[in-house]
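Spelled out from the first residue to the last, the chains are:
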Amino acid sequence: MTANSVNPFDCLPDELIEYIFFAIIYSPPVEPYNHVNNIASSTFYFSHSLHEPYLRHTYKDLTSLELVCRRFYNLLRSSTFWLQKCHRDHVAIGNEPLAISTGIDFRRLYFSNPFHPDYNLLNLNNSNQDQVNQFWTPNVSREETPVGSDLLYDEFGLVSSCYATSYAWGQYQRDNVQLLRKGEEKLISINPVIEFTVCVAGRWDCSSICNLELCFSNGHEWKYQRSFSNGDCQWHRLIYRYVNYRPNEMPSHVSIILKGKDQRFWAGNYGAKFAQIKLRLALRQENETENQEFEETMLNSHIPHVA
Amino acid sequence: MAEDKIKVATSDGGILEVDLYIAKQWQPVKLIYEVLDSTNVPENPIDLDAISTETLKKIIEWSNHHKQDEADSADNSENDRNHGEISPWDKTFFNIKQEMIFEIIVAADHLGMTELLDMGCKTVANMIKGKTPEEVRQTFNIPNDLPPLQTAQPITSNENQ
Chain B
1 MTANSVNPFD
11 CLPDELIEYI
21 FFAIIYSPPV
31 EPYNHVNNIA
41 SSTFYFSHSL
51 HEPYLRHTYK
61 DLTSLELVCR
71 RFYNLLRSST
81 FWLQKCHRDH
91 VAIGNEPLAI
101 STGIDFRRLY
111 FSNPFHPDYN
121 LLNLNNSNQD
131 QVNQFWTPNV
141 SREETPVGSD
151 LLYDEFGLVS
161 SCYATSYAWG
171 QYQRDNVQLL
181 RKGEEKLISI
191 NPVIEFTVCV
201 AGRWDCSSIC
211 NLELCFSNGH
221 EWKYQRSFSN
231 GDCQWHRLIY
241 RYVNYRPNEM
251 PSHVSIILKG
261 KDQRFWAGNY
271 GAKFAQIKLR
281 LALRQENETE
291 NQEFEETMLN
301 SHIPHVA
Chain S
1 MAEDKIKVAT
11 SDGGILEVDL
21 YIAKQWQPVK
31 LIYEVLDSTN
41 VPENPIDLDA
51 ISTETLKKII
61 EWSNHHKQDE
71 ADSADNSEND
81 RNHGEISPWD
91 KTFFNIKQEM
101 IFEIIVAADH
111 LGMTELLDMG
121 CKTVANMIKG
131 KTPEEVRQTF
141 NIPNDLPPLQ
151 TAQPITSNEN
161 Q
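Chains as they are written, first to last, in UniProt numbering: chain B, 1 to 307; chain S, 1 to 161.
Treat the hints as calculated values from the structure; they're not laboratory data. Incorrect hints may appear among the rest.
To be verified - Using C-beta positions, here's what the derived DEER-type ranges look like:
| id | chain 1 | residue 1 | chain 2 | residue 2 | range |
| --- | --- | --- | --- | --- | --- |
| 1 | S | Glu134 | B | Pro28 | 29 to 35 Å |
| 2 | B | Lys182 | S | Thr92 | 48 to 54 Å |
| 3 | S | Asp49 | B | Phe156 | 50 to 56 Å |
| 4 | S | Lys97 | B | Pro97 | 42 to 48 Å |
| 5 | B | Ser112 | S | Gln138 | 28 to 34 Å |
| 6 | S | Gly14 | B | Cys11 | 15 to 21 Å |
For every residue, glycine included, the Cβ atom is placed at its ideal position computed from N, Cα and C.
For reference, chain B alone in the conformation it holds in the complex (with noise of 0.2 Å):
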């Protein structure tokens, strides 16, 4: 070491040298149909497949760095200093000041975010096209684009593909969907909402009904049906947040049924068609206590925004 060797950190602040550690991010470039802008906060978010590596990576090197010395050690492992870098890094969490009065581990979030409002407890093992095709009965029929019905875009800006279901009664089933990874027990204390949401539309040129059942593994069920008549070929997003469960019992699995045919017993797929199947959990809203059912009607001409 020569006389002039000095560490240069020493004479930076605490707060500067936050901002060298938050100016240490890896992001993907910010394209069309990669994320979501949310214009009432004038954020983004990325897909969240996208995105996790990403975030792993710039995760990686910022822990490191706790090894380097003390210094960099307490600021690395400060709550605020992720809360920060969660925002900065537009890590989607929903109600920003509940995880922070609930004492959410940023850090952690920041790894693993199970809020992200792309991430779909359904799809987790499930990245190819067979694999969920597995969970339809052999009756219905995958629709690239819907046949018959209006265009349905998702929240990406991409048009969505559906499934049809035929005269006969066609199913979706999953049973005992875990609701909690591994590692992620901490959450239950938080008790965030469960919500289960799908699209659902008829053929302008047939009748047809659906039917929903979400049996929880505390006992807890809701059914939710709906017909559309001739001529209805709009899509109907369905919504349900499961929020009133006994505190700190959230239950652990959910199973789910949904249903759908024609009511005219026509060949070929003219019944109720279903898209965007998910399932996930939120942070509950402000003043959100009871259990909620939405239904919102999806306009053609509702082609979300996209920079």
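Let chain B serve as the given structure and place chain S on it in line with the hints.
Coordinates of chain S only, in the frame set by chain B:
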């Protein structure tokens, strides 16, 4: 008037003349001008006590090159989107003694120059990225003051925090 200049005093006794347009972007100078009538150039040089002559000269060099940027960065949210890469000119600008990079970071923060602060921090971040802890220590001469237990255990991604 674009030709107006004012004098500033640095921490090591130097006195520099700076374009008023540039100086007025600096926090300490802004504060003074808020108090005074803007047509009155202060008699005595404005004291920038935390900043050395050499550092201030580099800052003025950067400001001169980026004259237009400061004006339109206010509503340019595109910067936020793609984490503005360091421009080639800025890369060359920061190709200096390590010590000076850090002095520029401190000075930029003191003067409220967010763009320059960003570039400085990115420069140091790029020097850190991809290095092992020992390599980082060597690059910056950081003594290892962690107890042996923490240096022995590698932190893997599978930890259950």
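Against which earlier hints does the structure fall short, listed by number upward?
-> Violated hints: none at all, because every hint is consistent with the structure.
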